[in-house]
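Trainee: Sequence:
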Amino acid sequence: MITNRDRYIWMNAVAPLVYVDKMDTWRDQCVTLHRLVEDGDATSRYRLHRYARYWHGYNPVAAALLQRLSLADARRGLKLAVYSGFAALLIAAGTSHRGVLAVATAIAAGGASVWAVPYFGQSLNDGPGDTLVVLGIGSFLFWRKRLFALATFVPFCAAYGAAVTYVEMFTGVTATAAGLLFPIAYVVAASRQDQGASARQAWVFAGAGLAAFALSSAFTVAVKLVLSVAFLGQEAAAAFMDRLRDYMSARLAPSGRPSIVAPFAALLRQGPVLTWGSESGALLLYAGAALAWLTAGCLALRRPGARPLSDLLAFAVGASAMPLWVLLFPTHTVVHSWLNVRLLILPVSLGFAALAWQLTAPHGGVPREPWVAARMRFDDPR
2 MITNRDRYIW
12 MNAVAPLVYV
22 DKMDTWRDQC
32 VTLHRLVEDG
42 DATSRYRLHR
52 YARYWHGYNP
62 VAAALLQRLS
72 LADARRGLKL
82 AVYSGFAALL
92 IAAGTSHRGV
102 LAVATAIAAG
112 GASVWAVPYF
122 GQSLNDGPGD
132 TLVVLGIGSF
142 LFWRKRLFAL
152 ATFVPFCAAY
162 GAAVTYVEMF
172 TGVTATAAGL
182 LFPIAYVVAA
192 SRQDQGASAR
202 QAWVFAGAGL
212 AAFALSSAFT
222 VAVKLVLSVA
232 FLGQEAAAAF
242 MDRLRDYMSA
252 RLAPSGRPSI
262 VAPFAALLRQ
272 GPVLTWGSES
282 GALLLYAGAA
292 LAWLTAGCLA
302 LRRPGARPLS
312 DLLAFAVGAS
322 AMPLWVLLFP
332 THTVVHSWLN
342 VRLLILPVSL
352 GFAALAWQLT
362 APHGGVPREP
372 WVAARMRFDD
382 PR
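Note that the numbering used here has the sequence shown beginning at 2, numbered continuously upward.
Among these hints, one or two may not hold up.
[Said to hold, decoys possible] The following label-pair restraints were derived from C-beta to C-beta distances:
1) Ala219 x Ser71: 33 to 39 Å
2) Lys23 x Thr96: 54 to 60 Å
3) Ala212 x Ala73: 37 to 43 Å
4) Gln30 x Leu328: 26 to 32 Å
5) Gln30 x Leu310: 45 to 51 Å
6) Ile261 x Trp144: 36 to 42 Å
7) Ala238 x Ala65: 38 to 44 Å
8) Trp277 x Phe149: 35 to 41 Å
Think of the hints as simulated: they come from the structure by calculation, not from any bench.
Every residue, glycine too, gets a C-beta built ideally from N, C-alpha and C.
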């Protein structure tokens, strides 16, 4: 969104000034921008309006970049930052625990290949949020020894949730971050053999982090509303809530009844956005993710004890952030399905991550390698 100069800095922060031609639809913004670029004197035909229906936290990042860089260089820098974040994620995972590394590799590979980074990563709107999502997870992995205590982990998750929500463009960046945070926190807690961490302790650790993330995210939205009312009056809050109610309204099927399936179908139809425009690639992606989940489930069921199933469920909880977001904002999902389709990175990457964890992480019981089992029986003092 192109905003205008405004001497009221705080008002501009919560409701930037924009040029609008058709206030009732807001569907002419691309045409408006084109006209303004072609003819700077065309501003007289448009009305100035404070956009209070949502905030644009990525604007300060974009402004800071464009102070020093050209638009082309800023785009390249944002895209490079996202890809560098994936590389940093692998480095932060380290090699001390092969299960954690395998999970990080699955997430990084999925993000780099089917998260549509070549298009969205260079966007002034999406690039800052994408970078923050990846760097937040990487930062936790890098400092996981210091953050393993709840006294440090909970504040970290709260700061992470607030930051991601601030740069959220209503395209699911917050849900993506939360969905990745939970299973990563779980496997980190479960992999600390020196602490004798149980599955229950891992669930408590990951759950506390997710709760802090969610509460901080909600608090960030509330603060924005309070500031809007303080600077602009009740009309700003009314505009925000009206738009929110519209986005949360049920999507109607052709029969006129509310449809739960329609938003999910809209996302799946946009699959080629993730596969470089290939419909066949999208079908293969869906099939591969489903097969990964099925295989991980079979491995968990065949292994002794409840720990493998607990591990699988932790990844499923992370992936559930996608359908929860869709069910919460069904109309917005359908209207902007080509943007929200990136939420599918959660079930896709976490499906392969769950499989990688089942294949690499120790789960107790009889070891898979027969020579290790034989050595254990030979060394058994009984």
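Trainee: With reference to the structure, classify each hint as holding or not holding.
Mentor: Hint by hint, here is what the structure shows:
1. Under the hint 33 to 39 Å, the C-beta atoms of Ala219 and Ser71, about 38 Å apart, fit the expected range.
2. Our hint of 54 to 60 Å for Lys23 and Thr96 holds, since their Cβ atoms are close to 57 Å apart.
3. For Ala212 and Ala73, the hinted distance range of 37 to 43 Å is satisfied, since their beta carbons lie about 42 Å from each other.
4. Checking the proposed 26 to 32 Å range against Gln30 and Leu328 shows it holds: the Cβ atoms sit about 28 Å from each other.
5. Gln30 and Leu310 have their C-beta atoms about 49 Å apart, which keeps the hinted 45 to 51 Å range intact.
6. Between Ile261 and Trp144 the C-beta distance comes to about 40 Å, which sits within the given range of 36 to 42 Å.
7. The given range of 38 to 44 Å is broken by Ala238 and Ala65, whose C-beta atoms sit roughly 29 Å from each other.
8. Take Trp277 and Phe149: their Cβ atoms lie about 39 Å apart, and the range 35 to 41 Å holds.
In the structure shown, a violation is registered for the earlier hint numbered 7 alone.
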